[in-house]
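Chemist: Sequence:
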Amino acid sequence: KHRLEYIGMVKGWRLFDDLAATTPEATLKALESFQDAATVIMGGDHKKLSYADLARVIVERRIKLICLPGTVRKELKMIRGLEKRSENFFQVKTLDAALCLANKITPRGGVVLISPGGEKFYSRFMANQGLKSWIEAAH
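Numbering (this note's numbering), first residue to last: 1 to 139.
Bear in mind the hints are in silico, worked out from the structure with no lab data behind them.
Heads up, some of the hints might be wrong.
What the hints assert, rightly or not - Cross-link-like lysine-lysine pairs, in silico, BS3-like; alpha carbons within 25 Å at most: (1) K93 with K47; (2) K29 with K48; (3) K47 with K77.
Please read these numbers as outputs of a predicted model, since none were measured by experiment.
Please work from the sequences and hints to get the whole structure.
Modeler: Written as structure tokens, this is what we have:
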């Protein structure tokens with residue numbers, strides 16, 4: 001559970017739960033699992049690890065990055081290459097806002113991956129909200 005778990009189809013794109021990915025390396029491995037990853041939702045607090053390799057893949061593959069609050073977002077904003085891709089770097093305050101934005105920017109057939117790359121994501125952003133209930137409400 002919470003490791004590349006398929007949650008459902010939303011308006012032509014597929015949502016995957018990878019909440020267990022609390023390091024940049026785990027998020028990178030998750031992205032490597034999908035050739036059609038279009039959007040990744042990240043956030044929470046980093047564990048003082050490098051995000052450089054993850055950022056390189058996000059930039060090279062033109063993956064849209066939606067960041068929720070926390071030190072992960074601050075770390076990613078400082079990485080050279082991401083700041084120049086402002087058309088693919090988005091900042092939101094809530095998971096609901098992230099999912100609504102993903103719904104607008106993710107092409108049909110694409111994958112939206114919730115893979116925080118940091119800790120405390122679940123406790124901060126998912127306290128009263130399940131992903132499956134969000135999908136039901138989106139239909």
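Chemist: Please verify whether K93 and K47 have alpha carbons no more than 25 Å apart.
Modeler: Holds, at roughly 21 Å.
Chemist: Would the pair K47 and K77 pass a check requiring their Cα atoms to be no farther apart than 25 Å?
Modeler: holds (16 Å)
Chemist: Measure nothing beyond the straight line between the CA atoms of K29 and K48; if it is 25 Å or shorter, mark the hint as holding.
Modeler: Given that 25 Å is the threshold and the Cα spacing comes to 18 Å, the pair holds.
Checked against the numbered hints listed earlier, the structure breaks none of them; every hint is satisfied.
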